[in-house]
Each structure stands twice: as C-alpha cells, then as structure tokens.
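Hey, can you work out the whole structure from these sequences and the hints?
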Amino acid sequence: MPELPEVETVARGLDLRVRGQKITSVWLGEKLEPFRSPPADIAAILAGSTIEKVRRVGKHIVVDLVRPAPKQSRMGHAARQAQWLVHLGMTGRLLVSQPDVPVPPHTHAIVLLEDHREIRFVDPRRFGRLSVIDISGPRTSPAGKQDRAQPAEGFTGSGREPLDISPQDFRALFRGRRTPIKSALLNQKLLHGVGNIYADESLFRAGIRPLRQAGRLTGKQLAKLHAALQAVLREAIALGGSSVSDYVDADGVRGFFQLEHKVYLRGGEPCLVCRTPIRRIVVAGRGTHYCHRCQE
DNA sequence: AATGAAACCTGACAGC
DNA sequence: TGCTGTCAGGTTTCAT
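What the first sequence shows, in the numbering used here, is residues 1 to 296, in sequence order.
It cannot be assumed that every hint is accurate.
[Claimed, not checked] Listed next, with one range per pair, are the computed distances between beta-carbon atoms:
id : residue 1 : residue 2 : range
1  : V273      : A40       : 53 to 61 Å
2  : A231      : K53       : 24 to 32 Å
3  : P99       : T276      : 52 to 60 Å
4  : G48       : K220      : 27 to 35 Å
[Unchecked claim] Straight-line alpha carbon distances no greater than 20 Å define the calculated SDA-like cross-link-like pairs of lysine to any residue that follow:
id : residue 1 : residue 2
5  : K22       : S136
6  : K31       : R17
7  : K53       : R17
8  : K53       : I135
9  : K189      : K220
10 : K220      : A238
11 : K53       : V101
12 : K224      : H192
13 : K224      : S166
14 : K220      : R205
15 : K53       : E118
16 : K224      : E269
17 : K53       : K31
18 : K224      : F170
19 : K220      : S166
20 : K22       : S166
21 : K262      : V273
22 : K189      : E235
23 : K31       : I110
24 : K220      : Q295
25 : K189      : G157
26 : K22       : P68
27 : K53       : V103
28 : K189      : R205
29 : K189      : G207
30 : K189      : Q230
31 : K53       : V26
Derived from the structure by calculation, the hints contain no laboratory data.
Every value quoted in this text rests on a predicted model; they were computed, and no experiment measured them.
We put the CB at the ideal spot given by N, CA and C, even for glycine.
Written out as structure tokens, the structure reads:
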C-alpha cells in the first residue's frame, strides 16, 4: 500500500529519471475510474509540456510542468505552469520503461517522453487517480472538491506534512477529538501521508493502543507519538518503503521496510519485545495490529 | 461538525 | 479442478 514513504520513493526515483524531459504525447485507457480530470484535459495539459520536477505532497505525486508559451503571446516569455497529480491508491504503480518492454495488464495511461522512454501508470484495482491543474491559465479542472480552494501556486494537499509538523502543532491536531487515535492518524485532513502500516507501527513504537481517544492522550504521549511517527517514516524512506502487496518504485524495485514491521500484519504472532501474541482488531474499517502489553 | 460504515475495485489465498 | 468466501485498505459517499 503506497503511503508516504512509498510515494516519496516513487517521486524521488521519477524525478531522477525524467526531470527535464519533454512530453511528446499521451495515451489514456478506456476505463474511466482513474481519471479525476476529464481525459481530454489531461492529454491537453501533458502533451508538449516539460517536466520541471517530480515531488511528493502527502500521498500524491506532483509533477510540476512548464507548458509551451502560446504562439501569439505578446506577454513576453511568461512560462505557463501546470501540475500533473498522481495518487497511487492501493495498487497503483508509476513505471519508467523503454518502449520495447511489454506493457503490463491494467495499464491506464502512458506518457511518452522525448527520449522515447515511457511513464506508465498501472493499477489493477483502479483506486488510483490522475488529474491535472492548470495554474497559470483559467482553472480547467480542479483535482477534486477539496482542491477547489487551491492557491495559485498549485496543489498543497488537505492536511499537514507529518515530517514537517512541530510537536506543538501535532498535539493541537488531536485536541478535543473523541475518535480513536488510529482513526485520527489516518485522517488525511489532519495529517496527510499516513496510512495503515505507519499508523500501526508508530503507535506500537509510542506504546499507545490504537483505540485510545485522540483527545484524551497526554502531552507526553503525543510527544512520543510525534517522534515515533517521524522516526518510522524516515527509516522507511531510507529503506525504499514497504512492499507488502505489489508496491514497487519507478524501476520496478521493491522496498525493504516490510522486514522492519513490528506489528503490521503480524496478528497472532508473538510480540518481538514481550512475546505476547499480537492482537488484530478492526478500527476505522482497517485491520489494526497492536501489542496489548507493550501498548497502553 | 464529527464520526462510522459502506462502496468502489481486483488478485491472492484458504478451504472444501 | 473449480468454486466460494475472505482479506488487503485509500478515499469518497452516505447515514447517523
């Protein structure tokens, strides 16, 4: 499941491989679920643009584009800006391939580059989403309802960055919330980028049970959770993310952080610290794994 | 406003 | 062999 560390890995790999490349043309598949912007808009924005850089915002991959200046422009050399947003959903992949490599099943978009390589968006379950934002011109197609308030500089996401937020701001996010801390961690309007794996792993490291009410945690607990979450995310990024199902980076290479999981998907197995069997419950509709002894 | 649950999707796997 | 049921979980949508 691509969460913050996996998306970061994909974005970095993509940036390394395609920064500066010009997009010559775009192919979009028949299935419409992946396209949050009208396919015609996506094709129109991407074709002819140059990739300025690729980066991550929350769980989104943001491809910053420079569009060719309008032919009859008298406004000098004002470059037009746009963004291509990619959300990998559950099973999405963004692969950079040579054209002679067979196109995998469930490929929904192919972006052809000047040097003939291709960026391929592959997503069997079609939970992933593609959209575009035209920043300089009139807004053609916002990436979604929540993005309608996007400032002129483009996509910023709906919540705070877990790796940037201060301990004080982190604590304030949960004030007064009666929902389980696990649900709050998964809420992208509070923090964006945290998914099921890193929610479970950071709660284990912080010694907090997932069903504890977010607003009732002590300052000390939240300070510990803040530190644990950042540490887990940084370590996972360093290892190229977690490959639990079919996650791979832009070269099709798997990550290694799944080997470091302490509780995630370990229901019934002994806790690595105290040997107590890891419990599996359901919180916010997700499988949730924790140690009843190590976490209070 | 906040919260929870269902729906969207397909592939992998267990059990019969 | 082949069927059925369950699980995976990010996000949206609907209900409470």
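ask   = Taking only the CA atoms, is the gap from K220 to A238 under or equal to 20 Å?
value = violated, 27 Å
query = Given the hinted pair K31 and I110, is their alpha-carbon gap at most 20 Å?
reply = holds, 13 Å
inquiry  = What's the verdict on K189 and G157, does the C-alpha distance respect the 20 Å limit or exceed it?
reply    = Holds, at roughly 8 Å.
key: 20 Å limit on alpha-carbon distance, applied to hinted pair K53 and E118   = holds, 16 Å
ask   = Cβ-Cβ distance between V273 and A40: within 53 to 61 Å?
value = holds, 55 Å
ask   = Keeping to a limit of 20 Å between CA atoms, is the pair of K220 and Q295 held or broken?
value = holds, 14 Å
key: Satisfaction of hint between R205 and K189, Cα-Cα up to 20 Å   = violated, 23 Å
inquiry  = Between the alpha carbons of K224 and E269, is the straight-line distance 20 Å or under?
reply    = It is violated: about 25 Å lies between the C-alpha atoms, which goes past 20 Å.
inquiry  = Run the distance test for K189 versus Q230: straight-line Cα separation, threshold 20 Å.
reply    = holds, 18 Å
message = With the threshold set at 20 Å, check whether the alpha-carbon distance from K31 to R17 stays at or below it.
response = Violated - the C-alpha atoms of R17 and K31 are around 27 Å apart, more than 20 Å.
message = Please check whether A231 and K53 have a Cβ separation lying inside 24 to 32 Å.
response = For K53 against A231, whose Cβ atoms are near 27 Å apart, the range 24 to 32 Å holds.
key: Hint consistency between K53 and V26 [alpha-carbon to alpha-carbon, up to 20 Å]   = At roughly 18 Å apart (the allowed maximum being 20 Å), V26 and K53 satisfy the hint.
In this structure, the earlier hints numbered 4, 6, 9, 10, 11, 16, 17, 20, 22, 27, 28 and 29 are contradicted, and the remaining ones agree with it.
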